[in-house]
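Chemist: The whole structure should be built from the sequences, with the hints applied where relevant.
Chains as they are written, first to last, in my numbering: chain A, 14 to 126; chain B, 489 to 601.
Quick caveat, the hints were computed from the structure, so don't treat them as lab data.
None of the hints are false.
Here are the computed lysine to any residue pairs in the SDA-like style, where the Cα-Cα straight-line distance is at most 20 angstroms:
1) B:Lys589 with A:Asp51
2) A:Lys113 with B:Phe584
3) A:Lys113 with B:Glu532
4) A:Lys64 with B:Asn587
Given the structure is predicted, the values throughout are model-derived calculations rather than measurements.
Here's the letter readout for the chains.
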Amino acid sequence: GQQLNQSPQSMFIQEGEDVSMNCTSSSIFNTWLWYKQDPGEGPVLLIALYKAGELTSNGRLTAQFGITRKDSFLNISASIPSDVGIYFCAGRMRSSNTGKLIFGQGTTLQVKP
Amino acid sequence: DAGVIQSPRHEVTEMGQEVTLRCKPISGHNSLFWYRQTMMRGLELLIYFNNNVPIDDSGMPEDRFSAKMPNASFSTLKIQPSEPRDSAVYFCASSFQGNEKLFFGSGTQLSVL
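Modeler: Below, the structure is given as structure tokens:
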């Protein structure tokens, strides 16, 4: 089935550093979303993107919808310990008219105080 | 709103037993999704409902899995008989009108011994 390639798989950084992760697909998506999952909880929506080239921020988080519509990026600036968790990209294909999403495999982020 | 409510949070059972997972979506949401999360396969969509009607169950692994949504405020995912390979975290999520912004429950951690 359709897959999203998310990288890196994991990151171990120092508090205060900036973080970048991305997600790519071989198909065109009309919606990209980024979720964060804390241990023992379900994913929580961070940012939703709807237009190619769109750049959206949520506090220290910034995400972009790639121009080709086949990729998306998430940046976290000045990381803090509570940023720890698993970050998932998710996309809805152009051909879909439902909420059915395809998820990436996740990027596990660890922040050293 | 209390969010999406799942029960139980943890379930440990023996191979061959029937397992029933429960979900209460957010009030007013008319789309409901069941996902399974494992280390190997990540987040997989099992089935989703729109207005209590199953729309796509292509992700259901096999006939041992069944899902129902008897009304707008309740859904069940049943595994009968359960097998050790069914061990995973099962998430329920809901959205409004099939919107891509999914709200997840806290999940049910299932262990089949």
